[in-house]
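First residue of the sequence shown? That's 39 in our numbering, and the numbers climb one at a time after it.
Mixed in with the good hints, there may be bad ones.
Cut-off 20 Å, straight-line C-alpha distance, at most; resulting in silico cross-link-like pairs (DMTMM-like, lysine to aspartate or glutamate) [as the list claims (entries may be wrong)]: (1) K291 with D317; (2) K291 with D439; (3) K466 with E455; (4) K285 with E264; (5) K285 with D250.
Read the hints as simulated data drawn from the structure, not as lab findings. This structure is a prediction, so every number in the text was calculated from the model and none was measured.
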Amino acid sequence: MEQYAIKGGNPLVGDVEIGGAKNAALPILAASTMTDESVYIENMPDVRDINVLLEALERIGVMEKRPDRHKVVMNAGNINSLVVDDEALKKIRASYYLVGALLGKYRHAEVVLPGGCDIGFRAIDQHIKGFRALGASVTIEHGLIKAEAERLVGSHIYMDVSSVGATINVMMAATMAEGMTTIENAAKEPHVVDLANFLNSMGANIKGAGTDVIRIKGVTRLHGTEYTIIPDQIEAGTFMFAAAVTKGDVTVKNVIPKHLESITAKLLEIGCEVEETDDCIRVVASKPLQHTHVKTLPYPGFPTDMQPQITVALALSEGTSIVTESIFENRFKYVDELTRMGASIKVEGNTAIITGVKRYTGASISAPDLRAGAALVIAALAAEGLTMVDDIRYIQRGYEDFHLKLQGLGAQIELVETEKDFQKFRLKTG
């Protein structure tokens, strides 16, 4: 089983290139099934979740080519099944995007219930409410979400909570419904906007993405397109906090600074220097980190996917910090692992009270989920001594070449598979 072997203590210094946004690429791949013409997508991240979805699409008849690692050409003109019961898909949350896409185009979809990281209950009730408002019947049977409709008709839909997944799914289904659909209390995340832009480039008529009211005028068909996926704000934020935690100087390239404003604000609060240009952000941590309070919120608030990373930084800051998680109830499972490394954190319900310590020390730890796994790697890079990180398959779900990019910044980190590999790493790093 693959693990990361890490020797901490080196400040991260240099430039790192940020890849395409996984959370935008997944719904865009699903939406590619809504036209019979070819779709050419650039800046596609090469991560496990993407490859699992591509394989599932291939099995239902979608033709795909990879001109290179970050480009995909899709053609869904010969889909042969609207039942997507793929064992591997259970492991990723984004499987449910195929419901909205296939329902919108074909008026029928049966898709395996999603999985992903165990960070808390993620209800699909808002998805179902939206599909039913458009005229579909929706049931859950034998582990599948089944949605079908003779016709889809535009509707006024109010989301009880600002759900990214439900906004995306309903937006796709409504794209090819009859008449006008209005989604109120819509999610405003950058990947919602990216999907709307992608659909519009295929001939959809979507206005208001990025605000809390999205209006969709249904069209009868969508055509092929060429499209480039936005940079990954969470990958960028992870490297920005890696600079802070390791007392480094890192420039993240190929980013949209606007998407990172809440992250930048917190880095400034805790004492980092941040410089922005059009598509780069440089983070320098030359002073001791200071405490702060943070609460995760839907965009443009501080992202829940960045909560473990800021907690790792605050646990090395002077004073007491409070982190409140308002999105997922299980998001503090990594705290036990961080405590093994010397952190002083007390979790009460959805709040973590963090007393800063001087240092982390290396330990054997496990990644409990995607973002917490990346955060624990950052902690290990700042720790004294050696750390072994297990269950890195979670990290590989959403970070491309994570250890190689960190090596490029001076980190002592290697992918190892055996005890012999680990001993070699130990000898090499002294």
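Hints violated by the structure (listed by number, smallest first): When the structure is compared with the hints, numbers 4 and 5 turn out to be violated.
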